[in-house]
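If you want the building blocks of each chain, they are given just below.
Protein chains: 2
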Amino acid sequence: MTRDQLIQNIHQRNSFLCVGLDTDIEKIPAHLKIYDDPVFEFNRRIIDATRDHCVAYKLNTAFFESLGAKGWNTMQKTFSYIGTSHFTIADAKRGDIGNTCDMYAKAFFEEMKVDSITLAPYMGRDSVDPFLKYINKWSIILGLTSNPSTADFQLSKLGSGKPLYQEVISRAATWGNDGNTMFVVGATKAAMFGEIRNIIPDHFLLVPGVGAQGGSLPEVVKYGKNKDVGLLVNSSRGIIYASNGEDFEEKAHQEAKKLAIEMANLLR
Amino acid sequence: MTRDQLIQNIHQRNSFLCVGLDTDIEKIPAHLKIYDDPVFEFNRRIIDATRDHCVAYKLNTAFFESLGAKGWNTMQKTFSYIGTSHFTIADAKRGDIGNTCDMYAKAFFEEMKVDSITLAPYMGRDSVDPFLKYINKWSIILGLTSNPSTADFQLSKLGSGKPLYQEVISRAATWGNDGNTMFVVGATKAAMFGEIRNIIPDHFLLVPGVGAQGGSLPEVVKYGKNKDVGLLVNSSRGIIYASNGEDFEEKAHQEAKKLAIEMANLLR
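Taken in sequence, the protein lines are chains A and B.
Basically the numbering used here = 1-based index in the first sequence + 457.
Basically the numbering used here = 1-based index in the second sequence + 457.
Do not rely on the hints blindly, as some may be mistaken.
Chain copies aren't distinguished; within one or between two, either way the pair holds.
Claimed, not checked - Capping the alpha-carbon separation at 27 angstroms, the derived lysine-lysine pairs in DSS-like fashion look like this:
1. Lys563 <-> Lys534
2. Lys484 <-> Lys715
3. Lys563 <-> Lys527
4. Lys679 <-> Lys614
5. Lys484 <-> Lys563
6. Lys570 <-> Lys708
7. Lys570 <-> Lys527
8. Lys490 <-> Lys708
9. Lys534 <-> Lys590
10. Lys563 <-> Lys490
11. Lys527 <-> Lys590
12. Lys490 <-> Lys527
13. Lys714 <-> Lys484
14. Lys484 <-> Lys590
15. Lys527 <-> Lys594
16. Lys714 <-> Lys684
17. Lys714 <-> Lys679
These are calculated hints, taken from the structure and not from any lab test.
Here the structure is a predicted model, which is why all the values come from computation and not from measurement.
Bound-form chain A, shown alone:
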């Protein structure tokens, strides 16, 4: 998907919601267990229940890998079911180099046909460049994450006085451009969005941590929005596990709609 298409979808649906399909087979409603592939059945229904109110779906690869080869297949079927109307994210946080990156790019961009993959920056430019060769595909690089131990390294001050995460974002922004690179910035760090927007005014940010992790949507929009909106805000558990009964689709629909309305109001 191109940047223009993504922006157009955001304006048409009046939403920058990304629904996170962190589907845990232990947590899906009991009445789905009769299906051959209960995780796919759950994903399919959540997608149908939410697609009018979101612009992206993010699949956390770990949840599918934990089910082995069958889970890999479920991931592929789910991406295929989403289709091209929504921006698709393989939340894989891969990070390797050279021919290994080529293999990951092949796995996700060619086989899974996703629009984007999340990448860890520790190994530097070598770990991102191979993904940037693909046209209309996106690298989403970890900038500042929403977990407590971001302080271990991401917030470490460099000799220049800058924290590491700012150095990562400024360097990595030069490897590609705002049409093929995004950054992960956690919603729990909303006050730092200002600094980040000074470095990358135009890039899209993928923002986890709203909802279960305590981030505030109004703050994210206040400090993080740019002229093209420039935000994809993810919610996983708050939507997909809104109910674990027979009404899970209806509840997921309501939660997604509620967030989308909140987003529309904040965009006015």
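With chain A fixed as given, assemble chain B onto it according to the hints.
The following block gives chain B in isolation, referenced to the frame of chain A:
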């Protein structure tokens, strides 16, 4: 596998060689293409040809993921074929947090039954802790990698004057212990092994970059060896693609044996 078992295997085989199964379906000998699962057939034969001369096998997950669900299955069969006589490494470079880590740990430690997984440290302690809960399983954390763009972040000087990679190694060494944590240190950085051994005298180091990437085995041993050897030196392409003809097993055997003899001489 316990630390004691690993050390015992190293002394018994007089080798600290790890064979890297970065098996690219495009590069395996043509006569294997008739098999249902040519990658597994290749791996099986390479394992049989090298197991007397090595103590570990490292499977680069990207190469299997690029083949989809079938590749995931091939990876599982390969780990299972290796069995418990050798230390097994899922070179996955995962790095995520909380319940996502739990899923990766389940995927690799419980389903794949590997001894260890490589992990990226950018998200801090949250991204390693869940793996350390498993008894006799190992986290192998990226310390200083062997690629050119290590300079982007790993060599960045912090306010303290220390480069980031040293901070990563010293902090991460406190999360677990030398019986459940190793570090990746690239062979192309042999001169830096001294600094690293000052920080972690007892931990095992997983050392890629000997061979194709230009690292020197005598230098790695000179600066990196500790009282328990404390090294697993990986070679992938130099062994598995030593020939792509019908003699590939024999050539792989010769290359592994040659490295093992060199190792035995350096251990004297």
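Practice problem: Can you give me the call for Lys570 and Lys527, within, between, both or neither, at a CA distance of at most 27 angstroms? | Solution: Both: 18 angstroms inside a copy, 17 angstroms across copies.
Quiz item: When no copy is specified for Lys484 and Lys590, does a C-alpha distance of 27 angstroms or less occur within a copy, between copies, both, or neither?
Solution: between (38 angstroms within a copy, 22 angstroms between copies)
Practice problem: Since the copies are identical, ignore which copy is meant and state whether Lys484 and Lys563 lie within 27 angstroms (CA to CA) inside a copy, between copies, both or neither. | Solution: between (31 angstroms within a copy, 16 angstroms between copies)
Exercise. Could you figure out if Lys563 and Lys490 sit no more than 27 angstroms apart (CA to CA) within one copy, between two copies, both or neither?
Key: between (32 angstroms within a copy, 21 angstroms between copies)
Quiz item: Between Lys714 and Lys679, at a C-alpha cutoff of 27 angstroms, which is it: within one copy, between copies, both, or neither?
Solution: within (21 angstroms within a copy, 63 angstroms between copies)
Quiz item: Is the C-alpha distance from Lys484 to Lys715 at most 27 angstroms within one copy, between copies, in both cases, or in neither?
Solution: within (22 angstroms within a copy, 52 angstroms between copies)
Quiz item: Which holds for Lys714 with Lys684 at a C-alpha limit of 27 angstroms: within a copy, between copies, both or neither?
Solution: Answer is within: at 24 angstroms inside a copy they meet the 27 angstroms cutoff, but 62 angstroms across does not.
Quiz prompt | Alpha-carbon proximity context of Lys490 and Lys708, limit 27 angstroms | solution = within (19 angstroms within a copy, 50 angstroms between copies)
Quiz item: Are the CA atoms of Lys527 and Lys594 at most 27 angstroms apart within a copy, between copies, both, or neither?
Solution: both (26 angstroms within a copy, 24 angstroms between copies)
Quiz item: 27 angstroms Cα cut-off: does Lys534 pair with Lys590 within a copy, between copies, both or neither?
Solution: Classified as within: same-chain Cα gap 25 angstroms, cross-chain 33 angstroms, threshold 27 angstroms.
Quiz item: Checking Lys679 and Lys614: alpha-carbon separation at most 27 angstroms within a copy, between copies, both or neither?
Solution: within (26 angstroms within a copy, 33 angstroms between copies)
Exercise. If the cutoff is 27 angstroms on CA atoms, where do Lys570 and Lys708 land: within, between, both or neither? Let me know, please.
Key: neither (29 angstroms within a copy, 38 angstroms between copies)
Hint compliance for this structure: hint 6 is the single one not met.
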